[in-house]
Amino acid sequence: MSEPQKKVDLAGARARLHQKSGREYWRSLEDLAAQPEFREMIEREFPRQAIGWSEDEDPVEGRRNFLKLMGASLALAGLSACTRQPTEFIMPYIRQPEELIPGKPLFFATATTLNGVANGVLAESHEGRPTKIEGNPEHPASLGACDAFGQASVLQLYDPDRMQTAGYEGEIRSWGEVLGAVRQMLEEQRTKNGAGLRILTETITSPTMADQLRRIQQAFPAMKWHQWEPAGPHSARAGATMAFGQPVNTYYDLTNAKAIVSLDSDFLASGTASLRYARQFSAGRRVRGSQPSMNRLYVVEPMPTPTGSKADHRLPLRAAEIELFAGALATAVGVGRGPQEGENHEIYKWIGAIARDLLNNKGASLVIAGECQPPSVHALAHAMNATLGNVGKTVFYTDPIEARQVDQLASLQNLVNDLDSGAVDMLLILGGNPVFNAPVDLGLRDRLQKAGMRIRLGLYEDETSEVCQWSLPEAHYLEAWGDARAFDGTVTLQQPLIQPLYEGRSAMEVLQMFTDQPELRGYDILREYWSSQRGGGRTGGQPVPATGQAAAPGRSVISPVSGPPGGAPTAPTGDFESWWRRSVHDGLVANSALPAKTPAVQGQNIRANAAEPHLGGKLEVIFRPDPTIYDGRFANNAWLQELPKPITKLTWDNAAFLSPATAHRLGVETGVVLQLTYRGRTLQAPAWVQPGHVNGAITLHLGYGRTRGGRAGNGMGFNPYGLRASNALWHDNGLEAKKTGATHAFATNLNNYIPEGRELDTRRHIIHHGAEVPPRTLTLYPEWKYEGYAWGMAIDLTACTGCSACVVACQAENNIAVVGKDQVRRGRAMHWIRVDDYYHGDVNNPEIFNQPLPCMQCEDAPCELVCPVQATNHSSEGLNDMVYNRCVGTRYCSNNCPYKVRRFNFYLFSDWETPSLKLLRNPDVTVRSRGVMEKCTYCVQRINAAKIESEKQNRKVRDGEIQTACQATCPTEAIVFGDLNDPNSLVSKMKAEKSNYALLADLNTRPRTTYLAQLRNPNPEIEG
Amino acid sequence: MPDNPNVVEQERLQDVIAPGYTFGTVTDQIAAVVLTRRTPLFWMACFGLGVALLLLFLWSVALILAKGVGVWGIRTPVMWGFAITNFVWWIGIGHAGTLISAILLLLNQKWRNSINRFAEAMTLFAVACAGMFPLLHLGRPWLFYWLFPYPNAMGVQPQFRSPLVWDVFAVSTYGTVSLLFWYVGLMPDLATLRDRARNPIVRYLYGVMAMGWRGSARHWSVHETASLLLAGLATPLVLSVHTVVSFDFTIAIVPGWHSTFFPPYFVAGAIYSGFAMVLALAIPLRAVYGLQGLITDRHLENSGKLMLATGEIVAYAYFMETFTAWYSGDVFEQAAFWHRMFGPYAITYWALITCNIILPQALWFKKIRSNPVTLFLISIIVLVGMWLERYVIIVTSLAQDFLTSSWDMFHATRWDWATYIGTIGLFMFLFFLFIRLLPMISIFEVRTLLPQAKVAGEKS
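These protein sequence lines are chains L and C, in that order.
For what it's worth, this note's numbering labels the leading residue of the first sequence as 3, then goes sequentially.
For what it's worth, this note's numbering labels the leading residue of the second sequence as 1248, then goes sequentially.
So that you can see chain C by itself, here it is in the shape it has in the complex (with noise of 0.2 Å):
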């Protein structure tokens, strides 16, 4: 079988993309969605949301930028809450999208090919959400180049030691490797719209983004090569970004922070929440827009599986964590962890072992995995239990620490909730932005995947 390897791609190809479809069809459909379809209601609600939500979040940033993060509710021991949560969140949900570009293209997993694109763009997009946090979060915003290494008169550098500074350059590659790769991905599909656009404006438009793409075997060639490059450079991303952003807690000597055991288990559950953020995208989008012929159930049932296995490892890690708490015979360290699961914030430690750990089980289910509507609700607790697992680990953390006299609880505002939902609303903004201009499935790869794509034979 190895060396017949055409078998095993005819076989899986049927699963990934329904039959019927040829060049044209698929270049047809989704260009559609961009160029001719109508508009559906769908987009203009989600649309018209998100720019509700977006207007709630620019309201909330001037009244930070006016009056000052007081108007959230983190006080004195709880200095992070809402922020730093979201933040980690957000860039955990990026990195479904990173995993499925750039390790599935490396590891040749052909079934990526259609949901690629809108997985990137959801990267970019979270990562740029995710961005808004550690830079409102400031007590002064508008300082937040000093964290930058620039030359300066004063003379005076970021403190290489603070985990804050390596989540700088982090964060900032990754969402530059992030741009860079969706957009390089992008410019044989802005090609395409650019010669099937009807409007001279829209022509030239989509002419300026697609930077002179003719589709010359040349430009096949280094742009195979270009894609390549990138997902080599942003596969060690989907390790490092989490791992780094992980360190913020592991470097710091906060009971249940302090743990060389995060960085995989960060790691994994944000694979974990970016699957169930495809997921979540996904499923609506297809049945609105009819792509069911190439978001296929075997798509699902993948992003299913993988979700499955990242949240075991998530259930893995839970269950170390407490296990390392106890086995340390560190008092303060058990007091975290014993604060955590029967101290004042209870509700929230078991609503997230509820949403990442006990419901989410139903995945080993193949009925359940194959049935989009239970995919779609299981990936929306997975989100909320991710977020959740965020608020715990820093929250609670932080909450009730060494000195007894110094703890407090930390209760949002609804400023906390306006800048959280905010960024939703900034998300789904620029993702039916992207829904609309931009071709969300990638044309050219989902060609690839076509039978009439292997005829030569040659490829892969």
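Extracted from the complex, chain L is given alone in its bound form (with noise of 0.2 Å):
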């Protein structure tokens, strides 16, 4: 049956079901619904989720059909007052676990992966389901801050649409049949050592996985291993190859960075340790009392990014052009020789300023060259740092973190050849989506069937498990022990908080199925190996890092590729247990991260290519992945679909981004559908005017266009990965662009018809600057007072880049709805907290600004007195108070308040359905239901605990002890939350600064949140 999806023949199974009636009788329904036709039926029948969500539907249509669902269920909801509650028991433990208090959560340490790179986070625990990441703060890649990703995933957790069972050609397996099958095929390769054995995986940088792999290596020497991340560093390994004769890994510090350059990176909201770049950047940013001077950033970037919009200089080059500006750069910073001029001016006109700021710096300064640019750029900028002195400094080099460093293009262009002349029998995906993300000419999708037998562990049924055979449901991370690698090399362990919700197993596990082990689950693979690693006992080890308070810090070796073993410093067996003990709670192999090494710049590599490239009239084409469902691993996540993304504000949808200029050139505007014509493969997608964007190019988000992504995926956005070619996979020239009759309605918070020019700049005035406060006196309402504690919340513009993180923390805290692609074009998202973007004069290479806008929990609040029904009120802790349960929803709060940061519940947003959904829930937040308003509550639910906890102690509630969720998850510390009747509070003291200023101070509502002015450090040089 080769067919990759089996249709179901709901007649033949009815009538089979009828033959039955005859003699034959069933047992029981269980023996009835064994049969897997039966079960099918069964599924078609009554669907989980009832109508609309079904592959063959629109899926837009089908959203609204699932709201009318919703609304039928809300008739009836409606009704709910009239109907009897069911009776529901509350029961005590029996034996009560160790450690848990019902009501109170429990924190865990453990990580989650990107590109196979870990950052730790902390997962809130209630009662044994997780409901809310953190960051670790005692690890080196998340310092307590989380991303958006990692605020996402315990959604990922509890989707409904994950992969539940494994199965095979469509039909239910076991995992005991998929262990019998796999051993059998293995023994077939055994005969031929394993030569028809591939095992295609993401990057692994897991020490435990790598082991397996070599184990499995051992098992069948001629088995291949290979690697494809379609949005990994590919070109910073060549650079750094190129630069140094040898693979290394490179990772910043920019505490001390004073001249900072990036070339075409976003280093402050996407990479592997974004969110530790970012907390220094915004450390060396801060003006405030002892710390007068400020760093400063150049960005060169074709699209804008968070940051580019943190930039004192922003200049905007085509992705080609990047290349020649660095090598204008290393030469005026003394490297190498160059073009210092060219045709396009705007390339070079800033090089001799930059490169002086550069150059008084040195040993304080840093290039950073961008993931997507090509090794030539990675190079020259080694060679710019070390020129620059920062070298161990700013920069710090150490071997390469991943388990086996592999020109991952190369790789799988290795598998494509093989599969193409019939050499694999046997294909073990491990994660990943390559059928999805494969460049589009090695056609993967079609080789991979060439492939005897395919087996696919993936956390959905996705593109690439509809080709395989097998497909298996993998473990989410917070249901499996595993571990990785962070950007430094710190050895990060994850453990599991919950039981897999399905029949799910970690790749760990199944990589197990592979060696001639016996079967084991993933906590002991993992211990077995850190124990062995440990102990010292293994023989051939793959090498480990020193660990433990036993080995000397720094002392740890590891080898790049596979090589022999690494002298691996052992310690004391009897630590383990507590060695274990405390790396698992901590979250991190302490003292694991690699040792730098200071590598030197082989220049005579270094080849940049210094003609201009030439557009001919075509356009050139950028691929980037997205910034919020990123390659489209994310798609399924309706939160990171429905995140407002970093500067674009567009949700659900991917654009051809192009500039203003770009779109007069081609007579469109914002939703034109273009027709993108590139090496002979089209692409429908619609424009998107992005102010900033640069002239002559079109850049394309991937990960968007999913066929089989889940019901928040199927069918939104385009599929850029249609036109991308293994020999470009992030720019090339040759794109064009034709206009086509169609329109495309995107979902946008953002309202593309503002008028630029008088009311924009006014505006600006009035929110950056602030405006003439009234006196006291014109309010006719007496003042409040407050006795206790008066809770107040700074946001420092200086410090946030726009990443977004804390719109996800927030809807993750407080059991915010996801509303839907149509729901957001009709301005009804959801976010308790929103980043609002503006843009600064010219619309070509505007300045753009962020602004994070919780509630401004105003002192006299317009909304407050509006309401009817007493609804929103002031807390004697200065809080607007929203009370859902007397909430009638005539909606007048919204309309005065003057922030518009309240949200309505037009229909019933909330899934009160879906029941892996009800496990997500905050218990300390009220789902609230249709009809009501909803607003920031400034984590209300935090404060109480806080409060509570404190009054247990006798004690005031200590500064900092309260974290909003948004404060928690900021990577920079933008966000300051604390008491303003102690003058001694962070908060209080930030308020003091002279760059705070309350947004539309003259309405007289004396926001509780006030801002810290955006500060920009331009280079007089440029700017003069």
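Hints are not guaranteed to be accurate.
Stated by the list, open to error - Some residues of chain C that are not near chain L, with every Cβ distance over 10 Å (derived):
#1 Phe1270
#2 Leu1302
#3 Val1431
#4 His1470
#5 Ala1499
As the list claims (entries may be wrong) - Derived list of chain L stretches under chain C, where covered just means 3 residues or more per stretch with a C-beta under 8 Å from a C-beta of chain C:
#6 590-604
#7 827-834
Derived by calculation from the structure, the hints in this document are not laboratory data.
Treat the numbers as computed from the prediction; the structure is a model and nothing was measured.
C-beta atoms are modelled at their ideal positions from N, C-alpha and C, and glycine is treated no differently.
Quick one: dock chain against chain with the hints and give me the complex.
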């Protein structure tokens, strides 16, 4: 049965059932249900989620249907007041688990991975249910912050669309059958040394999995392990090899960097250590008391990114021109020789000034090359950093963190060749989604089917599992044990917080099936590996990082390509248990970062393209991972889909981003569908006119256009992978764009009709410099008195990068509903905090300002006095409390809110039906129903938890004890919350800053949330 | 002249009732519409349309109750859309009825006698339609009673600082007084119908409604006092209801709303639209039922003059509103008006100016004012214009307020239209039911217009 998806023969199933009604009886319903046909029929007849979500329906329409359905269930919900509530019992534990007090969350250290690289997190568990992700303050990549992906990963865990059981060509199989089949196939392979066995993974940094793969390699010497990561740092690896003659891993320390040049690197908001970089960067930008100066950032990039929005000088260049820029800058800094002027003056206009700034800050400067830039740019950046004396100060090199560093593209091409030659009998695909995201010229969808037996482990039944006979459900990281390395090599441990919801297993457990070892649970695999490493008992083991107290920091060794065993320092075996407990508790192995090294730049290898790329009347096409759904892996994560993307504020979609001038040339505006032709392949994509985008190029964000992505992912956007060829992964010239007659309605909370000019400028003035604050006497109402606490917030706009992690954190913390694309289009997104973007100046290269906007919690709140039923009230601590069950939904409060931070449940937006999503809810926050207003509460549940705790200990709440969800996740510590009655609290100090201002202060609302105005540090040479 | 009022009366009465009428013919003609005449096709058509639209209304209401107000086009910055626009529009329409029945009664304007009954009915039904919207636009309409101060176990009372609570009082008072006034005025005529009805069931029903009216002098005396008292009560309501409705906007800090100027402006606008509605109803009715003798050209012209006068006040208001926005120096206020005039909703604004200011200037010409056809057309235009006025005030002000980031456009959905047109259906349904079942012109009051009534000479 080579047909990937077996059509369910409903009639046949019925007929078969019908026949059974003769003499043959079934003993029980279970008996009958055990038949796959019957199960399938049941699934078809009674889908878990009623109408509207099935694949054959238009997803947009489907969502509407879904809403209709929710509406129908509402008709009953309205009646619920008249019906008797079902009896529910609260049952105490017979034996209460240790440390578990019902109602008090526990936190466990674990780690998310992106591109295989770990980011340490703390997962909040309520009675055994992980509900929220926070950063792990002890983890070097997190420093307590968390990104949007991490925040949203908890929704992925409970995603009802996840693959739930193992299957063979659409039929349900048990894991025992999987194991039997695998072992049988392996037996066949054993005879030919595994020559027909291939394993395709994403990037793997996990030492345990590396060890497993090594053992599989030992058992099947001819086996090949391929890796493919569509948005991996391919050229960074190649660039390092070009510069140093050896693969190295690069990371930065921005703490002391005074002049930073980003060559198309969005280091503040994407990449493996962006949280750390953002923290360091913003610390270097904070002008307060003791620190009078700030760092300076130059950004050259084609498409505005959060990093670009923080730039003191931002230069939009086409992706291919950045190489020229890097070459010229390198020459000016004193590395090599390249042209200092060319046809395009834009490229060179700031070179001298930037170079002088860099040279003035030797050892405190930094050049960062973007992961999407070609290897030569990376090599030039390495050379510049070396010349500027930054190595060891702001730039650090270590051995690669990957278990095996390979040229992934070559690796994938190699697999394709083997597939073509029919050499692949058995292909194991661990994670990833190569059918969807491999370069289009490789034609992986068709070629994969040349492999004899295809086994796929994945979270979802996606495009890849569609073409694999075996699809195995993967355990989510919150359900499984694991390990991975962080950006600097720190070994990070993953521990499960919950039993797998479905029959998922981790990649580690699946790999174990391929070894000659007995089947083991993930815990045992991990522990056994680390115990063998710690005990030093294993011979020929994979190089291990030195860990624990026994090893001196910085002495660990790791060789880049699964080379000979390193001299792993050993520790006394007896220590293992305490070491293990310590490491699992902390979520990382102490001192396991790879030691810094100083490879020498081999300048002769660096070859930059010095010729100016000519477009020849065509356009440059630029591919980038999507800011919220990345390479497509988060496409079914509704939180990330609905998260307005930084800068563009687009949701549920990608677009062909182009500059106003290019749009004018093509005669299009936002929403007009373009026909993109590139190398003979075409794609229909709606245009999006993006101020600050470079002229002559179109940026396409990868990850959209999923066909089997799940309910949230299917049918959203278009698929740029359809244009992406293996020899131009990130950008290329030669794109033709033609206007079609069609238009597309984007879902965005950014309105694109704001007239440029006068109004915007006056508004900007008010927003950013404050206005005349009216005297207190102008209000009729008496002053509020605050005896105890008076909560307040200050947001440092100089620090905020607009990364939008706070928006998802808030969504997770406060049970905020997802409304879907259609409702976002109708302006009904529910986020309690939003990040506003403002442009200032030249439309082709505007200054971009980010402004996170939670509820202002006004002292004289306009919302409070217009609510006819007193559903929104001033609390004794200064909050505007929203009483959901009192709200009748007049929406007057929202009309009267000048900041428009109130959100209304136009329908029953909260999902009260899906069982798995019920586990997701934060039990401390009410799940809102239809017809009520909601808004930011300053995380009042956290305030109250801290107050209860402090009252128990007979003390006041300490400053910093309460962290709102947005504050806790903020990588730049831009958001500060605390007690305004305490003059020594951080928030009071921030509000005492000169740059502190209240938004729309002239309205006399006296907001509790105030802003520290955004400061920039322009280079006087350029600005002057 | 003032010491001989009869002379004046005589002259004016020539205009407000055609010569040749007697007590009997007046009664005959009005009562016949209800009791004996065949129901005209016009009625059938209008009532049928009303029922059809009422069904549409009920359908939308069911949908709103079942799904939520999300079926409308309201969205984050524009949280009030058609619902509140319609509410203000309907309430405004009701005003003419109260003005005619109460204020003109107190001012002793006799010509009102032949139009006050259906104008009052119009008020009542308009208030009924208006009342639908604040109720339906709630997120949780079944909890509407929380807006009333009633003793409750929760110990929570409404927020008396909120104009919406004032609205509740204003509109419910208005509705109650209008109903009482209308019903008290109906009683003598119900008795007349009772006396004239042949069918015993009909007679019985009218009898019940007439509440035992026998036309005794004592009845008349009490009736007169009650009418005057109710008129006295209703008079301040003409001013207060729309003043309070305008507070919904003026109390808010939204640019384009926050103005002390709104109360008189709203009251004038209300009367403007109310008279337009009176004309839009009276002109076809008198043609169909041949009531030109009772609702004379003089009535139409007087209403036209009132429309013109209130229209000028409204025009002045538009001008002043714009002027103060500019003069205030407040950037937001200025921007709000700039957007109104030249922003994305400019078409509605200029349509409103055309309908409410430019075209009604034709009423200066007596020829147009006294021609029922042109008058009818202008009254329809004014009704549209006044609806647009509320739409412009509500939607454009909300769509673009302070922070550009939250600006967004309101687009009406078909359910917005369905609920709006549905209430027009409700209005037509009620109104034509009224036409069919109750005397649309006050019999006893018209009789006082007859010369015969003046024989005694003492009255007035």
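Hint by hint, here is what the structure shows:
no., hint, in the structure
1, Phe1270, "51 Å, holds"
2, Leu1302, "19 Å, holds"
3, Val1431, "32 Å, holds"
4, His1470, "38 Å, holds"
5, Ala1499, "5 Å, violated"
6, 590-604, "violated (count 0)"
7, 827-834, "holds (count 4)"
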